[in-house]
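Using the sequences and the hints given, assemble the complete structure.
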Amino acid sequence: MWAHAACGSSTLVDVARKDDLGRRGEECAALFLTKAGYRLIERNWRCPQGEIDLIAEHEGQIVFVEVKSRSSVAFGHPFEAITIDKLARLRRLAAAWCDQSATSPRRIRIDAISVIAPFASSPTIEHLTGIF
Amino acid sequence: MSVARTHAIALLGMTGSLVEVEADISANLPAIILIGLPDAALSQATHRVRMAAKNSGSALTPHRLTVNLSPAALPKHGSGFDLAIALACLAADNIVPPASIDKVVHIGELALDGRLRPTAGILPAVIAASKRGHRQVMVPVGNAQEASLVPGMRVIAVASLREALIWHGAAIEPVDVDPIMQHDDAADAQTELDLVDVVGNDEAVLALQVAAAGGHHVFMLGPPGSGKTMLAARLPGILPDLDTAASLEVSSLRSLTGSGLGRSLVTRPPLEAPHHTATAAAMIGGGTGQIRPGAAVRAAHGVLFLDEAPEFAAPVLDALRQPLESGLISIHRANATATFPGRFQLVMAANPCPCGQYGASDKECTCPPNARRRYLAKISGPLLDRIDIQLGVQRITAAQLRLADTEERVTSAAARARVESARAAAAERLAPTPWTLNSQVPGPWLRGPHARLGGAITAGLDRALERGGITMRGYDRVLKVAWSIADLEGLTSPGADQVGQALYLRKGMS
Chain A
1 MWAHAACGSS
11 TLVDVARKDD
21 LGRRGEECAA
31 LFLTKAGYRL
41 IERNWRCPQG
51 EIDLIAEHEG
61 QIVFVEVKSR
71 SSVAFGHPFE
81 AITIDKLARL
91 RRLAAAWCDQ
101 SATSPRRIRI
111 DAISVIAPFA
121 SSPTIEHLTG
131 IF
Chain B
1 MSVARTHAIA
11 LLGMTGSLVE
21 VEADISANLP
31 AIILIGLPDA
41 ALSQATHRVR
51 MAAKNSGSAL
61 TPHRLTVNLS
71 PAALPKHGSG
81 FDLAIALACL
91 AADNIVPPAS
101 IDKVVHIGEL
111 ALDGRLRPTA
121 GILPAVIAAS
131 KRGHRQVMVP
141 VGNAQEASLV
151 PGMRVIAVAS
161 LREALIWHGA
171 AIEPVDVDPI
181 MQHDDAADAQ
191 TELDLVDVVG
201 NDEAVLALQV
211 AAAGGHHVFM
221 LGPPGSGKTM
231 LAARLPGILP
241 DLDTAASLEV
251 SSLRSLTGSG
261 LGRSLVTRPP
271 LEAPHHTATA
281 AAMIGGGTGQ
291 IRPGAAVRAA
301 HGVLFLDEAP
311 EFAAPVLDAL
321 RQPLESGLIS
331 IHRANATATF
341 PGRFQLVMAA
351 NPCPCGQYGA
361 SDKECTCPPN
371 ARRRYLAKIS
381 GPLLDRIDIQ
391 LGVQRITAAQ
401 LRLADTEERV
411 TSAAARARVE
421 SARAAAAERL
431 APTPWTLNSQ
441 VPGPWLRGPH
451 ARLGGAITAG
461 LDRALERGGI
471 TMRGYDRVLK
481 VAWSIADLEG
491 LTSPGADQVG
501 QALYLRKGMS
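Taken in order, these protein sequences are the chains called A and B. Be aware that the first sequence starts at 1, since it is given in our numbering, and climbs by one per residue. Be aware that the second sequence starts at 1, since it is given in our numbering, and climbs by one per residue.
Misleading hints may appear alongside valid ones.
To be verified - Between beta-carbon pairs, the in silico distance windows are:
{"id": "1", "chain 1": "A", "residue 1": "A88", "chain 2": "B", "residue 2": "E325", "range": "58 to 64 Å"}
{"id": "2", "chain 1": "A", "residue 1": "R23", "chain 2": "B", "residue 2": "A99", "range": "43 to 49 Å"}
{"id": "3", "chain 1": "B", "residue 1": "G133", "chain 2": "A", "residue 2": "H58", "range": "48 to 54 Å"}
{"id": "4", "chain 1": "B", "residue 1": "A27", "chain 2": "A", "residue 2": "E51", "range": "23 to 29 Å"}
Unchecked claim - Far from chain B, some chain A residues (derived; all Cβ distances over 10 Å):
{"id": "5", "residue": "L31"}
{"id": "6", "residue": "A36"}
{"id": "7", "residue": "G37"}
{"id": "8", "residue": "I41"}
{"id": "9", "residue": "R91"}
{"id": "10", "residue": "A94"}
{"id": "11", "residue": "D99"}
{"id": "12", "residue": "R106"}
These aren't lab readings, by the way, just hints derived from the structure by calculation. Quick reminder that beta carbons are idealized off the backbone N, C-alpha and C, glycines included.
As structure tokens, this is what we get:
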């Protein structure tokens, strides 16, 4: 879809499609977590160091969620895109969020959600808990 | 999420240990964690396995795989574990039935496209698997012939990971690939040189045959151009074929060094001629991680030829004393000890002095006397003492060259036939004893009631002992060589002539 550079579409359109896919993936993930009994606290929380996709509360834990979306696994599984550097940044961002929150949470957890959303069919969602 | 296990072989020197390869999938980010003391090549197996699996139509799970090589404390080397790791990972994901891979030993290195590459050390690995009660082994097609040399093993040869998965019952489409074959070093091994090329030097040719018949070590001393190297290179050609046990050992060693075996076991004795700058590690073997056999080990059951012997470092030559004594080479390293066979026939050649001309009839030596003495003193007494045949070799003269056309010369085939019958005679005579070759028989037995020669026969030898010309150990060695000469000539026991000849072969160079 967005990766088809050869089909004549401009780069700008590709980026727009990519962002679109990312937003759609985050939407799916938020829905998935709510159904699973998570209470959403923040979405796309930003600070100078970066952005956390989803922050939720579950069984007394604050859960920081990284959402990775792909339209297919042709360029690897979404989870493969979560590198050590990315995890380290997520850990720093979680600390930054805790610093600014009114009540400092006792237990935190870092999760990852992969959304494989092929064009015109229902997405596949996988959820990994405690990846750090 | 489940656990699957299969088997592979870890080689330490020539001995293989069975390794259990377990794979577990846990809910975490994609990664392969390999534990159980892998070396650098084995650590990189994770990358090969991931790509090979993807390109074989069954990608690895996008979760965390933990692969354990048990026993965890045993150091493991090389790329031969790739196939077992890939199958364990895929079985943990239920792509192949875990029960099926548990019954087979898997050996082979994976290429990124999923094909299997021939792997070094297949023969000793399959022998180890067989000894530990396994009956099925899966190997790359390029190693199939080598693996099938082990009796009683069912060899499953596969060209690719895909083929291996299908054999174990995975539901994927077969795809034909070009199997990767092993370069066959055995095919382009040089042909053995023939004794018929040697002109003149009759006594040296005879000495070679005596050495071959009795398994005696040889030291040749002579000026440059006298044919020492030429003679030594022809010794393996007159040795008899290897027996079954020796053949399996030589083949295993060749497999371990990564050179191809071809269709059959090695049956001819090997020749190793290391350069005189060789270190002790190059000579007997070594290495910090993986312990590799050295030249002396590769020469097991064959000939180790040291040209320009005094040029070798003294510690290198003295490192040979242990194998000469025990027939085994043990290499000790921090994490392990490897034992290799080390029963070779030592042939050394040397010039009499640094300029090489001392004692030559046609040129004058320019070395000062102390340089001459120091030169040969580099070969230590204890080492020289273990060498039964010590021979002076002279350059041939123009007259000898002219005569050579008219004289009949010994061919390697004829010499080998004589050596074989001599060895058979010795083996028959020594049947009640634990020895088979004259060089193995201890001196007291030769002087004892079983083999005592009459006083008249040993008179010359006794006189040499009385005059201090030879030591008691030298006396025993002369007797051994005398028996070899008698065997070669078809006599039941040596006479005065044979003892005299043996004494000459021992003292001929001084």
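Tested hints:
no. : hint                        : in the structure
1   : A88/A to E325/B: 58 to 64 Å : holds (60 Å)
2   : R23/A to A99/B: 43 to 49 Å  : holds (46 Å)
3   : G133/B to H58/A: 48 to 54 Å : holds (51 Å)
4   : A27/B to E51/A: 23 to 29 Å  : holds (25 Å)
5   : L31                         : holds (21 Å)
6   : A36                         : holds (15 Å)
7   : G37                         : holds (18 Å)
8   : I41                         : holds (23 Å)
9   : R91                         : holds (13 Å)
10  : A94                         : holds (16 Å)
11  : D99                         : holds (26 Å)
12  : R106                        : holds (23 Å)
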